[in-house]
Structure formats: structure tokens, C-alpha cells
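Number of protein chains: 2
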Amino acid sequence: MSGVGLVAAQRAHFAAPLALRSGAVVPAFDLVYETYGRLNAARSNAILVCHALSGNHHVAGHYADDAHNLGWWDNIVGPGRPLDTERFFVVGVNNLGGFHGSTGPVSPNPATGKPWGADFPLVTVDDWVQAQARLADLLGIDSWAAVIGGSLGGMQALQWAINLPERVRHSLVIAAAPKLTAQNIAFNDVARQAIITDPDFHGGHYYEHGVRPLRGLRLARMLGHITYLSDDQMAEKFGRVLKSGAFTFGYDVEFEIESYLRYQGDKFAGVFDANTYLLMTKALDYFDPAHHFAGDLAAALAPARAKFLIVSFTTDWRFAPARSREIVNALLKNKQEVSYAEIDCNFGHDSFLMDDAQYHALVRAYLERVVL
Amino acid sequence: MSGVGLVAAQRAHFAAPLALRSGAVVPAFDLVYETYGRLNAARSNAILVCHALSGNHHVAGHYADDAHNLGWWDNIVGPGRPLDTERFFVVGVNNLGGFHGSTGPVSPNPATGKPWGADFPLVTVDDWVQAQARLADLLGIDSWAAVIGGSLGGMQALQWAINLPERVRHSLVIAAAPKLTAQNIAFNDVARQAIITDPDFHGGHYYEHGVRPLRGLRLARMLGHITYLSDDQMAEKFGRVLKSGAFTFGYDVEFEIESYLRYQGDKFAGVFDANTYLLMTKALDYFDPAHHFAGDLAAALAPARAKFLIVSFTTDWRFAPARSREIVNALLKNKQEVSYAEIDCNFGHDSFLMDDAQYHALVRAYLERVVL
Chain W
1429 MSGVGLVAAQ RAHFAAPLAL RSGAVVPAFD LVYETYGRLN AARSNAILVC HALSGNHHVA
1489 GHYADDAHNL GWWDNIVGPG RPLDTERFFV VGVNNLGGFH GSTGPVSPNP ATGKPWGADF
1549 PLVTVDDWVQ AQARLADLLG IDSWAAVIGG SLGGMQALQW AINLPERVRH SLVIAAAPKL
1609 TAQNIAFNDV ARQAIITDPD FHGGHYYEHG VRPLRGLRLA RMLGHITYLS DDQMAEKFGR
1669 VLKSGAFTFG YDVEFEIESY LRYQGDKFAG VFDANTYLLM TKALDYFDPA HHFAGDLAAA
1729 LAPARAKFLI VSFTTDWRFA PARSREIVNA LLKNKQEVSY AEIDCNFGHD SFLMDDAQYH
1789 ALVRAYLERV VL
Chain Y
1429 MSGVGLVAAQ RAHFAAPLAL RSGAVVPAFD LVYETYGRLN AARSNAILVC HALSGNHHVA
1489 GHYADDAHNL GWWDNIVGPG RPLDTERFFV VGVNNLGGFH GSTGPVSPNP ATGKPWGADF
1549 PLVTVDDWVQ AQARLADLLG IDSWAAVIGG SLGGMQALQW AINLPERVRH SLVIAAAPKL
1609 TAQNIAFNDV ARQAIITDPD FHGGHYYEHG VRPLRGLRLA RMLGHITYLS DDQMAEKFGR
1669 VLKSGAFTFG YDVEFEIESY LRYQGDKFAG VFDANTYLLM TKALDYFDPA HHFAGDLAAA
1729 LAPARAKFLI VSFTTDWRFA PARSREIVNA LLKNKQEVSY AEIDCNFGHD SFLMDDAQYH
1789 ALVRAYLERV VL
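So the sequence lines, in the order shown, correspond to chains W and Y.
Numbering-wise (our numbering), the first sequence opens with residue 1429 and increments by one.
Numbering-wise (our numbering), the second sequence opens with residue 1429 and increments by one.
None of these hints come from the bench; they were simulated from the model.
Source: prediction; values computed, not measured.
Possibly wrong hints are sitting among the right ones.
To be verified - Coverage of chain W stretches by chain Y, computed from C-beta distances (three or more under 8 Å per stretch; other residues unrestricted):
(1) 1475 to 1488
(2) 1658 to 1666
As the list claims (entries may be wrong) - Some residues of chain W that are not near chain Y, with every Cβ distance over 12 Å (derived):
(3) F1442
(4) A1444
(5) D1458
(6) D1494
(7) W1500
(8) N1537
(9) P1538
(10) L1563
(11) K1607
(12) A1622
(13) R1649
(14) H1653
(15) L1706
(16) R1733
(17) K1761
(18) D1783
Heads up, the beta-carbon is just placed ideally off N, CA and C, and yes, glycines get one too.
Given these sequences and hints, build the entire structure.
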């Protein structure tokens, strides 16, 4: 049951060029966004929700023509929910490079009139913060009460606090890491190679060929999905249960886990765009705020003026609690104000999306103390 | 430097049909094998080395025409090495379904005269034990001094002790597990789907089309490789080191880890057969000796008369030490004789292939006490 009820996406156009970290310049761009609750007179009650790899601006509520399409974080946003829309004005935005309406690989490349495809400039978390700041300007939000996100979204919450310290009062970084490990990058690269070597990829210009690299995108999602779930959860939910009760000695589905993964892969490949998937995984790989500080995360975080809530989940092996503690320790080293919680939750990396009582109570309690 | 020196593969033909666990029957089959050292007069000094997913019969030494092609476990087999060929007669065999000479998917299907392809019957660890026993008969080996293997090879060592208890005096089970978890199966299924959905797979009959599903096999190996290495080792060896020293903001190799993985994938795809890869991963999935004992591993192991050495490696997350301890605990429950060691080695699952001093000293010491 949606808390905020009917919602509608809005579109903002930004005519001024945006210079990206890569050196490329996006001449102009659109961002699609949604808002929930009301901006107060002091314009001090706004929360920005940043999305992860496959998320978008549809954070909460449902559309008039699609009652079943609930926002991806509906369980945490709404009247009386942890991101309480009676008190806060909550903003969800589809990032630059996305394909849910914001300018991205499916948009026309002004130079050719055809879709950008894989020629869309690679974007970084830095670039997203810059683009989101334009949206904040448009909405008249000088300073966010909080920027919040899980996984890649948490990285944006962290980067906001570093890049625009005067504009973030609280940064809530959930199930994230200060940078990817070699193993994290390796998984991303297998996913990318699955897409790029799909004969239907056509160098990223598949739109013009009337096909989509469904095989590659399906594999990428199957693989990703394994890293989002915990080993324990998979064992409990599927174990070695057989689809038909007995071995069939063939290559069709034998184990329930195979059925589940293939279904997830097919479903995702049907609705997501491969070029955006590639671009999002690269943004993950590039994220490393300490990079320009010789690996010193504390030095990178020093400019931040926000207070921090860092949250990790015990069974998350993609970004394990130790990765969150790296951020906490760097903040403590700087004597910055930080709260940290490690939530005992069985859902692995995906825990940040779940309606876990302890986790939601924590976010609620933290946000209740935010001064508007 | 090879210990055993020049070696040559031999071929054994078995004319009697072999009934498989699946119900299929292989009418006749060949096994290719190698031997090192000499069988003693009492025929009591033979050790069978079982290979894992991508291994074969070429365990040690090198060939006259290829001095650089050392056996895959050469570091542990040879005069004065832990599997001391001055004392033991060591046998390596390419399993049924392999493609290094033993009957498998590339062999002609008697029913069609064409290669079996993906129609080659799926084989289980049970079937391999049965086929290997035929080879033991041929070599005049009533009882192995030891059966040893790592990973899928360790599963064979375990199954030998269960199925043919009078023929195995010692079972050395290294970096193995009593069955795969849902997560293990999930990784295998992504690898299989990469191969099967490759347009060059042609339902497993690619030999007839003059192509090979190289893209799929490459992805399967890249993914497999991530699970063979430890997170720590990847971090130490590659970390976030960039190939060209700076971000290139494109989809070519940026990080060293990407370069390494793609290279490993390409190399493997060039020399291995996709149908055999599929079949080997299924044998892994099916392995579960407790399956017919309502999940009671101790009951499954009860018939064994062998003494056991179980070895795990601290950084192995594919088959973590806890998985080896399941075997140890089941044996202890039966009051069976078992030694267990958890080796602190940084190379993840691949540790079993490494020349680690503590690990090799352990295997050496164990085998020195084996009575011939």
C-alpha cells in the first residue's frame, strides 16, 4: 500500500552545458524527478533520495495509470514513514545517463540526431552531484536537510557532503563503500563483457538495428543478483530444492535457484537499457573520493560539514560492514560527527531496500532529530 | 622444473557398457591416463589423482614434443615431492565426458556417427568412480593406497571411499564440500547460460557448424576465475591499479584486474571445450552423497573404511573451511579416522594447486605414514 498515493513525474530542462569529470561536455540535459510532501516556507525540509544501479526517480507512490508500479523505496517514504512526508519534502531524481526520462544513451545525440547509444559520455558520481545541484537550484533548495541513498546511491550522499558541504546538513550513506575492490570491479567487468560481446550490442548502437542485447543484459543481471543476495538467504530460500523433485539430467532448470535467477534476468532484460547498465557500473568503478588524496579518505572527507549516518548490513558481502567502517573511521579521524549502525539483516546487499524493523526505526529516529 | 620428467599419455578402451546414474548407458568408452613411478610387486602403492573442472590426466611431467606443458599438479608429484614417485605409483586420468582424449562430447556418437555434442549423457561423480574403477581393474590395482583430489577432485576422493570402501585405504579431500550451496549452483548456472545462449552454441552441436561458443566460454571462465581467487589476493595483486595510469572513460580495459580476467577468459576459451565445461559444472551441482540419506552425511559416509585427510584453505570462499568441517564432523560422528587441517593460504580456492609450504608438508607427512 503506497503511503504518498498518486504521484506524477516532472521534467526539468537545463540549458547550460555541463562539464563532466571525463572532460566531455553535455551541451544541455533534462532530469526527470518526483517530489513527495511540501517544501516548507524556510525551504529547509528537503531530502534528496539518490538511486542505485537500476533505480530511478520513482521512489514512492504510484501513477494514475499504473496502480501496481510502486516506487522502489515506497516502504520508507510517506506520511508517518521514516522519511516522513508530513515533515519532509522528498525528491527523487533519475540520474544523468539513466533511461527513465533523464538525458542518457537513448536520447538524441545533438551531433547526429540519432540516439547517443554507447557514445553517451561516461558519468561519475561527481557529475551526478553537479547535475542534481542544478535541480536543487531550480527547486529553490539551498541546503538539503539530508541526502540519502543505498549502494551507489549512498556514494552520491557521501560525494554531496564532500563537494558541496554548505548544501548538505545530513548525509545518510547506506550499504555503500568508499570505493570498489578489485573483486567488485571484476564482477562488473564480467557483466559488461556479457553485454558488449552480445552480437546484438552493435557497439552500443542497437537502437538503430531494431534489436537489444537481451542475452548479455540477462546474464549481467543474473550475475548481479547473486551479489545482491546473501549466501544464507539463498540457502534458506532455495537451498538445493529441485524444480521437479528429481534430477532431470539436462540443461533445463533443475534447481529452484536456477529458475529464480533466470526469471530475474529475463524480467530485467525486458525493461532495462543495456547502455545505461554499462554506464552505471562504470560510475561505480570510478567512485573513489580518496583518489586525489593519495588514498587518504579522511583527507577527502575533511571538507564535509554534514553530520553522517552510516549503515551497513551483516550479510552484505558486496559492500560488507568493514567497507562502511572505513568511512566511519575516516570521519572519526577528522572528529566529524557520525553515527554508525550494523544491522543484522538476512537479505545481503538488498537489505537496504527491505522493510526491516530495526533498520527503519534507526533511519526514523535519526531523521526525527534533524532540525529544520 | 618437472620432477618426473618425460611422460606419455596412454589410452584404455572399455568395451562393456557403463550404466550411468541418469539411466543413460555409454555403450563403450575410452579413458586417457598417465602414470608416474612404478607399481610395486604387492600392487599396494597406487595413488589415484582425480581432476577438477578444467583438469585432465596430465598431472605431472612434460611431453617430448612440448617441454613447457607441465602437468597441472606437477609441484606435488615427483621424486621426493609429497606424492613421492620413488615410493608411490601415481595415476592421473581424464574423466569420462572430458575432451582431452577420454570419451566425451567431441567423441562420435555411435547412433549418428557425428560428435555427441550436448547429447553426451550427463555424468555424475558416482559415474566417474565407476569408470575409474574399470581403469583400476585394468592396471591390476585392487586397492588404492590413496585417492586424492582438490575441489571436484576431492569430491571424487570422497565418493570412492563411500562407493568402493574395500578399494580405498586413504581418501584425501582437499578444498571440497559435501555438496554445492544455492550460491555455488547459481554461479554455475550463470556460466552455463552464458555458453548455452551464445548464438555459436547451436544447441551444443557447434562442431558441425565450424564455430565454437567462445564468447560464452570466455564469460564462464571470467566468472569462474573470480570465485577461484580470494578477495584479499585480488586486492593485493591488482587493487585498483589502472592499466594506463589514468581513467580513460571508455569500455576498454581501465583496471589491471579487467585486463587479467579478460586474458584468462580468452586463453581458456581458446583451449577448452564448452560442452565439457557444461557437463563438469553439472557434475558439481549433482554431487550430494547425503541426498539418498535424507541429508544425513554421516549416514552416507558410514560405509567408508578409508582413513581421511580433509584440507581446507582460510581464504577459499567457493568452498570455505566450514564446508570441509561438515565432512569432518560427519566422520567424527561415525568415529571414523580423520585428520583435518585448515591452511592459512592467500590464494582462495586455487590454493589447492599452489606450492604452499605448510600445505605440501602436511600432505607429505600424511602420505609418509601410509603403510604399503
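Non-conforming hints, listed in increasing numerical order: Hint check: 1, 11, 12, 13, 14 and 15 fail, others pass.
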